[in-house]
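Peer 1: As given, the protein sequences belong to chains L and Y, one line each in that order.
Going by my numbering, the first sequence runs without a break in its numbering and finishes at 115.
Going by my numbering, the second sequence runs without a break in its numbering and finishes at 113.
There's no promise every hint is true.
[As the list claims (entries may be wrong)] Reference listing, derived: stretches of chain Y covered by chain L, where coverage requires no fewer than 3 residues with Cβ under 8 Å from a Cβ of chain L:
no.: 1; segment: 10-17
no.: 2; segment: 27-37
no.: 3; segment: 50-63
Since the hints were made in silico from the structure, they are not lab data.
Note that this is a predicted model, so its numbers are computed, not measured.
Quick reminder that beta carbons are idealized off the backbone N, C-alpha and C, glycines included.
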Amino acid sequence: DAGITQSPRYKITETGRQVTLMCHQTWSHSYMFWYRQDLGHGLRLIYYSAAADITDKGEVPDGYVVSRSKTENFPLTLESATRSQTSVYFCASSEYRAGPYNEQFFGPGTRLTVL
Amino acid sequence: KQEVTQIPAALSVPEGENLVLNCSFTDSAIYNLQWFRQDPGKGLTSLLLIQSSQREQTSGRLNASLDKSSGRSTLYIAASQPGDSATYLCAPLTQGGSEKLVFGKGTKLTVNP
Chain L
1 DAGITQSPRY KITETGRQVT LMCHQTWSHS YMFWYRQDLG HGLRLIYYSA
51 AADITDKGEV PDGYVVSRSK TENFPLTLES ATRSQTSVYF CASSEYRAGP
101 YNEQFFGPGT RLTVL
Chain Y
1 KQEVTQIPAA LSVPEGENLV LNCSFTDSAI YNLQWFRQDP GKGLTSLLLI
51 QSSQREQTSG RLNASLDKSS GRSTLYIAAS QPGDSATYLC APLTQGGSEK
101 LVFGKGTKLT VNP
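Pulled out of the complex, with its shape left as it was, chain L reads as follows (with noise of 0.2 Å):
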């Protein structure tokens, strides 16, 4: 099974609890990145990942955790969840770090509901 997966689909959690999705994805790409999706705006960048332990902050990292220590495996934790993390979170890969022919691909989503 070729491609980005992501695990769960849909997760309902409390408030406080903490909480990680994962990412896994076959490609052996060196680029991966979680983005949130909320209505009003958009997909947001969260974090990336350049390779195996190389981490950065995207646009909303606050209450955000992510490692990666396999290069087809990044999960995203959030520490103590809160109601405005409720989302659908998105992963996604790609090869090349920038150019022209950088092209990111997409896995299924995360569907987060924080009580």
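Keeping the supplied structure of chain L fixed, place chain Y upon it in accordance with the hints.
Peer 2: Same frame as chain L, now just chain Y:
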């Protein structure tokens, strides 16, 4: 800061019609621009990637154009079908440090049989 606008926000057309979706962006220093399709409750599917040096890119009934200097891209869909109903998103890849995609809010297309 790159800002992306897509007009119209929603569009409803009868089957068979040709249509154009518009995307404008404020910073012309881009590497490329991607057009995506998103079906309800689903992820994003990359439709076309048009490089900054290109003027057009075609895939089947889809044709994307790019005028980087004026900050505009259009997605042309020929002979629309009900299966084309989805939200279409454009995202330029901006140069200059963060090299990230910035998304528009999308155009929701409904093609009526």
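Peer 1: Test coverage of the segment 27-37 of chain Y by chain L using CB-CB distances below 8 Å; three residues minimum.
Peer 2: holds (count 4)
Peer 1: Between the segment 10-17 of chain Y and chain L, are there enough contacts, at least three residues with CB-CB distance under 8 Å, for the coverage claim to hold?
Peer 2: violated (count 0)
Peer 1: Check, residue by residue, whether the segment 50-63 of chain Y contains three or more positions whose beta-carbon lies closer than 8 Å to a beta-carbon of chain L, and give the verdict.
Peer 2: Answer holds; 3 residues pass the 8 Å Cβ test.
The structure is inconsistent with hint 1 alone, although it conforms to all the rest.
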